[in-house]
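Use the sequences and the hints to build the structure in full.
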Amino acid sequence: SQQGEEDPQALSIQEGENATMNCSYKTSINNLQWYRQNSGRGLVHLILIRSNEREKHSGRLRVTLDTSKKSSSLLITASRAADTASYFCATDLLTQGGSEKLVFGKGTKLTVNP
Amino acid sequence: DSGVTQTPKHLITATGQRVTLRCSPRSGDLSVYWYQQSLDQGLQFLIQYYNGEERAKGNILERFSAQQFPDLHSELNLSSLELGDSALYFCASSWGNGNQPQHFGDGTRLSIL
Numbered sequence: 001s002q003q004g005e006e007d008p009q010a011l012s013i014q015e016g017e018n019a020t021m022n023c024s025y026k027t028s029i030n031n032l033q034w035y036r037q038n039s040g041r042g043l044v045h046l047i048l049i050r051s052n053e054r055e056k057h058s059g060r061l062r063v064t065l066d067t068s069k070k071s072s073s074l075l076i077t078a079s080r081a082a083d084t085a086s087y088f089c090a091t092d093l094l095t096q097g098g099s100e101k102l103v104f105g106k107g108t109k110l111t112v113n114p
Numbered sequence: 115d116s117g118v119t120q121t122p123k124h125l126i127t128a129t130g131q132r133v134t135l136r137c138s139p140r141s142g143d144l145s146v147y148w149y150q151q152s153l154d155q156g157l158q159f160l161i162q163y164y165n166g167e168e169r170a171k172g173n174i175l176e177r178f179s180a181q182q183f184p185d186l187h188s189e190l191n192l193s194s195l196e197l198g199d200s201a202l203y204f205c206a207s208s209w210g211n212g213n214q215p216q217h218f219g220d221g222t223r224l225s226i227l
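Same order as they appear, the protein sequences are chains S and C. This note's numbering applies: residue 1 is where the first sequence begins, and numbers increase by one. This note's numbering applies: residue 115 is where the second sequence begins, and numbers increase by one.
No lab work stands behind these hints: they were computed from the structure. One or more of the hints may lead you astray.
Unchecked claim - Chain C stretches covered by chain S per the calculated footprint, using a threshold of three residues with CB under 8 Å from any CB of chain S:
| no. | stretch |
| --- | --- |
| 1 | 153-160 |
| 2 | 163-174 |
| 3 | 203-213 |
| 4 | 216-227 |
As the list claims (entries may be wrong) - Derived pair list, reagent style BS3-like, types lysine-lysine, alpha-carbon separation capped at 30 Å:
| no. | chain 1 | residue 1 | chain 2 | residue 2 |
| --- | --- | --- | --- | --- |
| 5 | S | Lys-106 | C | Lys-171 |
| 6 | S | Lys-106 | C | Lys-123 |
| 7 | C | Lys-171 | S | Lys-109 |
| 8 | S | Lys-109 | C | Lys-123 |
| 9 | S | Lys-70 | C | Lys-171 |
| 10 | C | Lys-171 | S | Lys-69 |
| 11 | S | Lys-69 | S | Lys-56 |
| 12 | S | Lys-26 | C | Lys-171 |
Where is the CB? At the ideal position from N, CA and C, for every residue including glycine.
In structure tokens form, the structure reads like this:
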């Protein structure tokens, strides 16, 4: 099963509105990352929040982390048509070999209508 | 531009064949990661190399293998291809080892006919 799962699976909003996506995970983490993927392209790293941080901002992005609920949210304010993309959360997971790997959720597909 | 280069962009081949996907990491990055993305399975981690050595293994089939060369570029070899191997294969790189931000290439789209 997925370590991280985004909700909702799809979100459609009007330009200028805010978009909120949520991510829930199962096990303890060191950090949580959010990525964006435009159709047919590679993922682009947006923001990393450490387990001892509760909120982080980057431009129009605001990420929160609640380790007690094992959840995170990504807020995009004043959305633009160019924000149309899929958004993924990724959490670190310890492998059997002792290394850490990123586990991605299935993503939220955001459509911003002009 | 992430600085990660993947070739080829598209690959069409038949079942039973073998292909090699190539990745050049971002300058200065020592880790290379391979992922498979399909509609039903999402983005699945396959394998990671750090400075030439295998560091972490994910859901990589025995028919698949990878290596990282001294110049840090990496290749993913897929053999005895099956229809279900059709997917987007991404390479990503990071400076260190572990849970740092990763920089993704634009992927190789593999279609098995």
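To see whether the hints hold, each was checked on the structure:
Counting residues of the stretch 153-160 of chain C whose C-beta sits closer than 8 Å to any C-beta of chain S gives 3, which meets the bar of three, so the coverage hint holds. Remark: the stretch 163-174 of chain C is confirmed as covered by chain S, as 4 of its residues place a Cβ nearer than 8 Å to a Cβ of that chain, reaching the required three. Coverage of the stretch 203-213 of chain C by chain S holds. Counting CB-CB distances below 8 Å, 5 residues qualify, and the rule asks for three or more. Restraint check on the stretch 216-227 of chain C versus chain S: 6 residues with Cβ-Cβ distances below 8 Å, three needed, restraint holds.
In summary, the hint linking Lys-106 (chain S) to Lys-171 (chain C) is supported, as the alpha carbons are separated by about 20 Å, within the 30 Å threshold. A hinted pair counts as satisfied when its Cα atoms are at most 30 Å apart, and Lys-106 (chain S) with Lys-123 (chain C) qualifies at roughly 23 Å. Simply put, Lys-171 (chain C) and Lys-109 (chain S) have alpha-carbon atoms about 28 Å apart, close enough for the 30 Å limit, and the pair holds. At roughly 23 Å between alpha-carbon atoms, Lys-109 (chain S) and Lys-123 (chain C) fall within 30 Å of each other, so this suggested pair holds.
Of the pairs offered as hints, the one joining Lys-70 (chain S) and Lys-171 (chain C) holds, with about 25 Å between alpha carbons and a cut-off of 30 Å not exceeded. Taking the CA atoms of Lys-171 (chain C) and Lys-69 (chain S), the gap is near 29 Å; set against the 30 Å cutoff, the hint holds. Distance check on the hinted pair: Lys-69 (chain S) and Lys-56 (chain S) sit about 17 Å apart at the alpha-carbon level, within 30 Å; holds. Proximity of Lys-26 (chain S) to Lys-171 (chain C) is assessed by CA-CA distance (about 20 Å); at most 30 Å being required, the pair is judged to hold.
Checked against the numbered hints given earlier, this structure breaks none of them.
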